[in-house]
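One line per chain: the protein sequences are A and Z, in this order. Residue numbering for the first sequence follows the working numbering, beginning at 118 and increasing consecutively. Residue numbering for the second sequence follows the working numbering, beginning at 118 and increasing consecutively.
Worth double-checking, as some hints may not be accurate.
[Stated by the list, open to error] To be clear about the criterion: a stretch of chain Z counts as covered by chain A if any three or more of its residues have a C-beta under 8 angstroms from a C-beta of chain A, and this derived list gives those stretches: (1) 272-284; (2) 348-362; (3) 374-383.
[Stated by the list, open to error] Listed next, the in silico DSBU-like pairs over lysine-lysine satisfying Cα-Cα at most 30 angstroms (straight line): (4) LYS121(Z) with LYS299(A); (5) LYS285(Z) with LYS268(Z); (6) LYS299(A) with LYS372(A); (7) LYS121(Z) with LYS219(Z); (8) LYS354(A) with LYS384(Z); (9) LYS219(A) with LYS372(Z); (10) LYS372(Z) with LYS372(A); (11) LYS271(A) with LYS285(A); (12) LYS372(Z) with LYS395(Z); (13) LYS285(Z) with LYS372(A); (14) LYS354(Z) with LYS142(Z); (15) LYS372(A) with LYS142(Z); (16) LYS219(A) with LYS285(A); (17) LYS372(Z) with LYS354(A).
[To be verified] For each label pair, taking beta carbons as the anchor points, the in silico distance ranges come out as: (18) LYS219(Z) with SER154(A): 29 to 39 angstroms; (19) LEU257(A) with GLU180(Z): 52 to 62 angstroms; (20) LEU257(A) with ASP398(Z): 22 to 32 angstroms; (21) SER171(Z) with LEU257(A): 49 to 59 angstroms.
Because the hints were derived from the structure by calculation, they are not lab data. Just so it is clear, CB atoms sit at the ideal spot from N, CA and C, and this is done for glycine as well.
2 protein chains.
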Amino acid sequence: MLNKETRFHIVGLGLMGGSIAQGLKRCGCHVTAMDISEDSIQYALEQGWIDDGSTHDNDFLAESDFIISGLYPSILIEWIKRHKDDFTSGTIITDVTGVKSKLLMHIQNMLPAGIEFVGSHPMAGRETSGVRFSNPDLFLPANYIIVPTEKNSKEAVETVRAFAKLLKFHHIAELSIDEHDKMIGFLSQLTHVIAVTLMNTHDNTHLVEYTGDSFRDLTRIAKINEHLWTELFLLNKENLLHEITAFQNELDHFKEVLSQEDTEEMKRLFVQSTKRRKYFDRKDTL
Amino acid sequence: MLNKETRFHIVGLGLMGGSIAQGLKRCGCHVTAMDISEDSIQYALEQGWIDDGSTHDNDFLAESDFIISGLYPSILIEWIKRHKDDFTSGTIITDVTGVKSKLLMHIQNMLPAGIEFVGSHPMAGRETSGVRFSNPDLFLPANYIIVPTEKNSKEAVETVRAFAKLLKFHHIAELSIDEHDKMIGFLSQLTHVIAVTLMNTHDNTHLVEYTGDSFRDLTRIAKINEHLWTELFLLNKENLLHEITAFQNELDHFKEVLSQEDTEEMKRLFVQSTKRRKYFDRKDTL
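So here's chain A without its partners, still in its complex pose:
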């Protein structure tokens, strides 16, 4: 399990990697980091967010106990392939990737015995990227999801849970690969598709001066990292297509109700959405 001697290593020091580094340092942990950007490493060193850093791919790997990948999915797979024999037995590796099905088993099957990869997903983010925007307070209201598989030991899963506790996540849960990716397809990916699509429906920039909070809130996530999210959507294509279709069917129903001026059904839909949405109010704002 984790203790004061545990050596943490972060691979990819961006928004998530940097926030994790800061969160661990707050607890007095020993943290090293690798990033291809010399500037990111220097900045984190100056801020005191890491104890040591490098732009060399395999520095720190052999002496680390707990490694966190902040890499994009495609890069993570390449990185594991390249370094699968560079870790010391007993090392636990986890990640931050938002989709699991096409990634997790593939990675676990590549690693030799003694090196355990536990998939996890910190459900926190911002519309900005890069280590300069990192902030461990992102985690305080957020969910941390661990996605154990048959390849994982109970002990390794508990170690990752302890790691999430160090970072002070609001809620830590465990889901299967299928449960996780289905949930993400609806709660996160479909919402991003909707925001992007609404923004792309018209060139609406001339309407800026008339915009209220509704439109602003709904389209906040239309500011989106095109490289990361294209990867995430393709990795969860079947689930996401299924969710888009379900949403389209419900939208067709609403359109029919409006077209027919079926006021009773329209009111029923509003009452239902109001009732359901109340469950999603933050406890602290109730």
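With chain A held as given, fit chain Z onto it using these hints.
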């Protein structure tokens, strides 16, 4: 024009009416109000938000100079019909209704010469209703839209503009009926349809513990007053159906792009939505 002697009267003392009353009182204006709820009138009197109040429909009408309707559209029409001969010549009436085409000309045609109705739309609101939630600070970041018609004099439009300035709206604009209703169909009504529809797509309340800010922000407006919004949607049916269809076409395109794994087009869509959305960032958060 407005001055210290102007007698303001508010009909319907709910969230909007109450906020307007408070905003006017802050400027030292004389304010009376009518509401069917004795409790609402008493509460506003106790708070010092109005100088006098009544539950009788026609009290204060003859002696008022500037009347603001905070009524639902259907009730507003009935109210005008009932009282069109109860006003004193020179009285200006305005409203807060979110749709204009099927309402404004109808009202203006009912009123006798000398009584001028200037349509307006304060683009501010909350998910709660009732005078107890009213707050004139709602107006500070918000747009106020005046919808003049050929029936309106320049002087009356300027008086309504002065009224909006008293309430300290961030931005005051003028739009034609068609421009207003088209804009509202897209910016406000379509966004509400999307939020309601997403909430109704699944019974998703078991997902509460996994929800991030994206889903919360996108569905905030799925808590919706079913009586008011059913009226507003039906009054703007053609524009809203048109906007839903445009959004559906764009969503079909996205689905095709995902289905075909056309990563270049997907990235182009993300870059476009990001670029457009940046125009909608609040100036104070840039």
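Taking the hints in turn, this is what the structure says about them:
no. : hint                                         : verdict
1   : 272-284                                      : violated (count 0)
2   : 348-362                                      : holds (count 8)
3   : 374-383                                      : holds (count 5)
4   : LYS121(Z) with LYS299(A)                     : violated (62 angstroms)
5   : LYS285(Z) with LYS268(Z)                     : holds (27 angstroms)
6   : LYS299(A) with LYS372(A)                     : holds (26 angstroms)
7   : LYS121(Z) with LYS219(Z)                     : violated (35 angstroms)
8   : LYS354(A) with LYS384(Z)                     : holds (15 angstroms)
9   : LYS219(A) with LYS372(Z)                     : holds (20 angstroms)
10  : LYS372(Z) with LYS372(A)                     : holds (19 angstroms)
11  : LYS271(A) with LYS285(A)                     : holds (21 angstroms)
12  : LYS372(Z) with LYS395(Z)                     : holds (24 angstroms)
13  : LYS285(Z) with LYS372(A)                     : violated (37 angstroms)
14  : LYS354(Z) with LYS142(Z)                     : violated (37 angstroms)
15  : LYS372(A) with LYS142(Z)                     : violated (43 angstroms)
16  : LYS219(A) with LYS285(A)                     : holds (29 angstroms)
17  : LYS372(Z) with LYS354(A)                     : holds (10 angstroms)
18  : LYS219(Z) with SER154(A): 29 to 39 angstroms : violated (58 angstroms)
19  : LEU257(A) with GLU180(Z): 52 to 62 angstroms : holds (56 angstroms)
20  : LEU257(A) with ASP398(Z): 22 to 32 angstroms : holds (24 angstroms)
21  : SER171(Z) with LEU257(A): 49 to 59 angstroms : holds (50 angstroms)
Going through the hint list in order, the structure does not satisfy hints 1, 4, 7, 13, 14, 15, 18.
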